[in-house]
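To convert, take the position in the sequence shown, counting from 1, and add 3; that gives the working numbering.
In short, the hints are calculated from the structure, not lab data. Any given hint could be a false lead.
Said to hold, decoys possible - 25 Å max Cα-Cα, derived SDA-like pairs, lysine to any residue:
(1) K73 <-> V208
(2) K73 <-> G27
(3) K73 <-> G262
(4) K73 <-> N347
(5) K73 <-> H255
(6) K73 <-> V325
(7) K73 <-> P62
(8) K73 <-> E269
(9) K73 <-> R256
(10) K73 <-> M91
(11) K73 <-> A253
(12) K73 <-> F384
(13) K73 <-> Y125
(14) K73 <-> G350
(15) K73 <-> R264
(16) K73 <-> E238
(17) K73 <-> A215
(18) K73 <-> P311
(19) K73 <-> G231
(20) K73 <-> V254
(21) K73 <-> L345
(22) K73 <-> D265
(23) K73 <-> A383
What the hints assert, rightly or not - Pairwise CB distance ranges, derived in the manner of DEER restraints:
(24) L396 <-> V219: 32 to 38 Å
(25) E269 <-> E166: 42 to 48 Å
(26) R198 <-> M307: 47 to 53 Å
(27) G212 <-> M307: 53 to 59 Å
The C-beta atom is built at its ideal place from N, Cα and C for all residues, glycine as well.
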Amino acid sequence: MIWLLVMLLPALLWLRQPVLVLLGAAALFTYTVFDGGHPEYVVYDLWEAFNKEVLLAIPLFMFAGAVMSKGSIARRLIDFAVAVTRGMPGGLAIATVVAAAGFAAISGSATVTLLAVGAVMYRALLENGYGRHFSIGIICASGVLGIVVPPSIPLILYGVMTETSIADLFIAGIGPALVMIGVLAAYTLARHGRRTAGAWNAAEVRATGLRALTAVPVPLAVLGGIYGGIFTPTEAAAVSVALAVFVELAVHRDLDLRGLRDVGLETSRLMGSLFPVLAFAVSINIFLTYQQTPQNMLEAMEGMIDSPVEFLALGNLLLLGVGMVIDIGSAVLILGPMLEPLANALGIGSVHLGILMIVNLGIGYLTPPMGLNLIVAMGAFREDFATVTRAVLPFVGLLLMALALVAVFPAISTFLL
């Protein structure tokens, strides 16, 4: 009977049904067919899915990131990154990567990071002689840092679904993020090593640094509070909202109450599309766990996969394929609980697996046909899909190199734990 479910999911995908319909139909189907006709159990599972305090961190981090993007914190961070790297070979492009990493530390979202950085840096890159394709590519690739640099919303989802420490996942994301930054910076030096944006100016660095100081309390409070054991991730998210709103409304005064309301409505719409998907995914996971499906999959795959190397190779190929057609949140919710038991049995820790999943699926933001950063970039830069896709192809290769390094050297993820 399980094959009926396996056939149902591709059929719904072929009919171009949204992931919410796919997971909802799968949840109702499993309880109706496999559990003696009890679809009402799905309702109980929905309550179980939402009865997790840590889930509150997701809308709070998204709201805080949107507030800082609509206000001036994002611009101040970017100005400081540009000032610091001015005079360096390829400095403006490296500033784009550094600014994206800095904003990622307060947003937790790839698309928000792309939009915040791209709105300022795209025109600046073009005006300083960087090609259109390179400019689009470096901004889109830098946006992926938004889900690797902590706090990361997909890492929170992975932690919830696999019961892995979210604080450990956040710490583990720092090393891979540095590798990605290094790879992108090295490529920039190779392509534009002779291009500079003027002479380095200590007065400019000091002035922009003072203006950017108001952004520092948010990541310090969030990450320092979590790692220091002062806050839970949910409490840290609430603190980030309070700080972001206070800074933008009372200090910068670049956002008024009407703008704050618009940000709240936008975040609510995003949550309205994410949380039902999460709830149905949890429902299916509960049923599969009750039916011991992960254990059965583990036994079957153990006969096919004999070593961690084989698991990493096949697992990364699977994730790359999934990332091309399914959004990262849904992929984490579905695949995280299925891959984790097998990874643990082969000696691959849950934290390392989670980082590999997020980096791998993050590359899916740059791959057609469903790459979210490609779609967002089309609107942000007013380019067609083919142009944006061609622009990011070299950067997909670079990020695959970073992924390979993280996979081969687990210490990159775990050296701070």
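To see whether the hints hold, each was checked on the structure:
no.	hint	verdict
1	K73 <-> V208	holds (24 Å)
2	K73 <-> G27	violated (34 Å)
3	K73 <-> G262	holds (8 Å)
4	K73 <-> N347	violated (42 Å)
5	K73 <-> H255	holds (12 Å)
6	K73 <-> V325	violated (32 Å)
7	K73 <-> P62	holds (16 Å)
8	K73 <-> E269	holds (12 Å)
9	K73 <-> R256	holds (11 Å)
10	K73 <-> M91	violated (29 Å)
11	K73 <-> A253	holds (15 Å)
12	K73 <-> F384	holds (18 Å)
13	K73 <-> Y125	holds (17 Å)
14	K73 <-> G350	violated (44 Å)
15	K73 <-> R264	holds (12 Å)
16	K73 <-> E238	holds (23 Å)
17	K73 <-> A215	holds (15 Å)
18	K73 <-> P311	violated (44 Å)
19	K73 <-> G231	violated (30 Å)
20	K73 <-> V254	holds (14 Å)
21	K73 <-> L345	violated (43 Å)
22	K73 <-> D265	holds (10 Å)
23	K73 <-> A383	holds (15 Å)
24	L396 <-> V219: 32 to 38 Å	holds (36 Å)
25	E269 <-> E166: 42 to 48 Å	violated (31 Å)
26	R198 <-> M307: 47 to 53 Å	holds (50 Å)
27	G212 <-> M307: 53 to 59 Å	holds (55 Å)
Consistency note: the structure conflicts with the earlier hints numbered 2, 4, 6, 10, 14, 18, 19, 21, 25.
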